[in-house]
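Undergrad: What follows is the residue order along each chain.
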Amino acid sequence: MLFRSKKRTEDPGAGEASGLFLFDQVPDALWAERVLKSAGYEYALVAPPHHLRAGCDLAVAIPRVEHVGAERLLRDAGVPVRGWVDDPGSAAQPTELVTTVDFGGHLMVRAGNMKITVDKDTLVIVNTSGGGCPDIPYLNIELVGKRLDEVPRPKTLGYTLCGLMLDRAYEEACALLGVQPA
Amino acid sequence: MTLLVVATYPVQGGPLALGPAELGPDGSLRVGGATVPHAQGTAAMLGAACAASKHLGCPGPWALLAGDVGRGDGTRAVFKALPEALARVRPSVVAFHYVQPVMALMREAIGLLEREAPDALLVADAGGMYAAKAAGLAPRFELMTPDVGEVGFLADPEVTHPAYVSHYLFGTDGFDPAKLARLAHERGGAARVLLVKGETDHVVVEGEVAATVAEPLVPALEAIGGTGDTLTGLAAAFLAAGFPTLDAAVCAARANREAGRVMGATPAMRARDLVAALPEVLRDNLCAWSGACAI
Numbered sequence: 001m002l003f004r005s006k007k008r009t010e011d012p013g014a015g016e017a018s019g020l021f022l023f024d025q026v027p028d029a030l031w032a033e034r035v036l037k038s039a040g041y042e043y044a045l046v047a048p049p050h051h052l053r054a055g056c057d058l059a060v061a062i063p064r065v066e067h068v069g070a071e072r073l074l075r076d077a078g079v080p081v082r083g084w085v086d087d088p089g090s091a092a093q094p095t096e097l098v099t100t101v102d103f104g105g106h107l108m109v110r111a112g113n114m115k116i117t118v119d120k121d122t123l124v125i126v127n128t129s130g131g132g133c134p135d136i137p138y139l140n141i142e143l144v145g146k147r148l149d150e151v152p153r154p155k156t157l158g159y160t161l162c163g164l165m166l167d168r169a170y171e172e173a174c175a176l177l178g179v180q181p182a
Numbered sequence: 001m002t003l004l005v006v007a008t009y010p011v012q013g014g015p016l017a018l019g020p021a022e023l024g025p026d027g028s029l030r031v032g033g034a035t036v037p038h039a040q041g042t043a044a045m046l047g048a049a050c051a052a053s054k055h056l057g058c059p060g061p062w063a064l065l066a067g068d069v070g071r072g073d074g075t076r077a078v079f080k081a082l083p084e085a086l087a088r089v090r091p092s093v094v095a096f097h098y099v100q101p102v103m104a105l106m107r108e109a110i111g112l113l114e115r116e117a118p119d120a121l122l123v124a125d126a127g128g129m130y131a132a133k134a135a136g137l138a139p140r141f142e143l144m145t146p147d148v149g150e151v152g153f154l155a156d157p158e159v160t161h162p163a164y165v166s167h168y169l170f171g172t173d174g175f176d177p178a179k180l181a182r183l184a185h186e187r188g189g190a191a192r193v194l195l196v197k198g199e200t201d202h203v204v205v206e207g208e209v210a211a212t213v214a215e216p217l218v219p220a221l222e223a224i225g226g227t228g229d230t231l232t233g234l235a236a237a238f239l240a241a242g243f244p245t246l247d248a249a250v251c252a253a254r255a256n257r258e259a260g261r262v263m264g265a266t267p268a269m270r271a272r273d274l275v276a277a278l279p280e281v282l283r284d285n286l287c288a289w290s291g292a293c294a295i
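Protein chains in written order, with this note's numbering: chain H, 1 to 182; chain L, 1 to 295.
So that you can see chain H by itself, here it is in the shape it has in the complex:
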């Protein structure tokens, strides 16, 4: 078994004061991530402050100094932003803990509590497991039986934080098996 904590590549400015964009739904946060990433912003996907959470929430942190430009960018792209928080306090980031189990012919990759298992010879995804949000059984149906290099990314199919964690496992499986992520 391999334990590894990935180094976060998207850090919203080390030492910079950050603020948060809030969203009503996780897919909107993931959409904002794509827009900000393509525009070259430094950002991080985080949990919103406790008093602003409704359940399965995800927010996007960026340096406060870039708030205005980033908000305009998101508005122009049509991303529905619920609001902006200047002082998020101790916003938590989704865990980056990644572990693997080698079953011989199959490799299982865990990201948080989500797991993806791939046949090492054929690159076919033979299982997904873990998680508890309603998109996880849906992703199980959509991904299992298909090749790792041919399926859409889990985060483009899913809607929740569980889906995002499965995407992290998928990303790591791609890296370990020499596959370019979709």
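Read the hints as simulated data drawn from the structure, not as lab findings.
Values in this document were obtained by computation on a predicted structure and should not be read as measured data.
Beta carbons: idealized from backbone N, C-alpha and C, even for Gly.
Accuracy of the hints is not assured; some may be wrong.
[Said to hold, decoys possible] Covered stretches of chain L (in silico footprint by chain H; criterion: 3 or more residues with CB under 8 angstroms from a CB of chain H, positions within the stretch not fixed):
| hint | segment |
| --- | --- |
| 1 | 193 to 201 |
| 2 | 219 to 230 |
[Said to hold, decoys possible] Stretches of chain L that chain H covers, calculated by requiring three or more beta carbons in the stretch to come under 8 angstroms of a beta carbon on chain H:
| hint | segment |
| --- | --- |
| 3 | 41 to 50 |
| 4 | 65 to 73 |
| 5 | 127 to 140 |
Got chain H sorted already, so can you dock chain L onto it with the hints?
TA: Leaving out everything else, chain L in the frame of chain H:
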């Protein structure tokens, strides 16, 4: 003594369904007019609960389900229909399973249950467990079935989803389920009984380890989507059959592992393979494990 499972199934726009869960000879699952596709999640949970109830000669589980692929529409539909379901089913056990973890919906549901079914034992796994813990309602539950990552989430009072579990909880030497379960209990993040799934299953009653189940060890079960769900389904069905909660959890852990051994589990198998092995496993073992002997 009826189990009611409140959950969703992975069909976009799938209709609301309330009825007894029926496991077909080919492993298909139907609830009311809805066909629940084979997958990890509620299909696996209900399949195992059906197998356990049938073996014990008890009424099978009822389910309140709606289609939801993660947008929360089906989740809102089932919570809206919960009053009608409670009135029709009069459940002794209510299990919340794959639902969107929305705290407000869970708060409303628990308030309803306290008024309309105050004696029902509450079980939570998956999104139902996430919502209950995040809303501060975990101690109202009799049983939760977290895996080792999820018990870290229950132990961390600051987080509302397992994706945010703090690294410090896990240290560098892997997980300590017993320590995390005790922390979860002390911090109000746990049900009265936790069945912590892992290489060794820990059954923790009010923060103290009451039993462990480590054999047979079938590592491939972790890779198979839905084998945690079958464990929850077995435990919930045993509870509804009148087993004390500790016995229900221990028998569920044993049966799930033994089914993994009997099916010759590999990482490429499915939860339905485990459900198919349960009749043989229960027939050969449950009487000796529990004293609950089918006539």
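Undergrad: Look at each hint and say if it fits the structure.
TA: Okay, the hints, checked on the actual structure:
With 0 residues having a beta carbon nearer than 8 angstroms to a beta carbon of chain H, the segment 193 to 201 of chain L misses the requirement of three or more and the stated coverage is violated. Remark: the segment 219 to 230 of chain L is confirmed as covered by chain H, as 9 of its residues place a Cβ nearer than 8 angstroms to a Cβ of that chain, reaching the required three. Restraint check on the segment 41 to 50 of chain L versus chain H: 3 residues with Cβ-Cβ distances below 8 angstroms, three needed, restraint holds. Here the segment 65 to 73 of chain L counts 5 residues with a CB under 8 angstroms from a CB of chain H, which clears the bar of 3, and the coverage holds.
With 6 residues bearing a CB less than 8 angstroms from a CB of chain H, the segment 127 to 140 of chain L meets the requirement of three and the coverage assertion stands.
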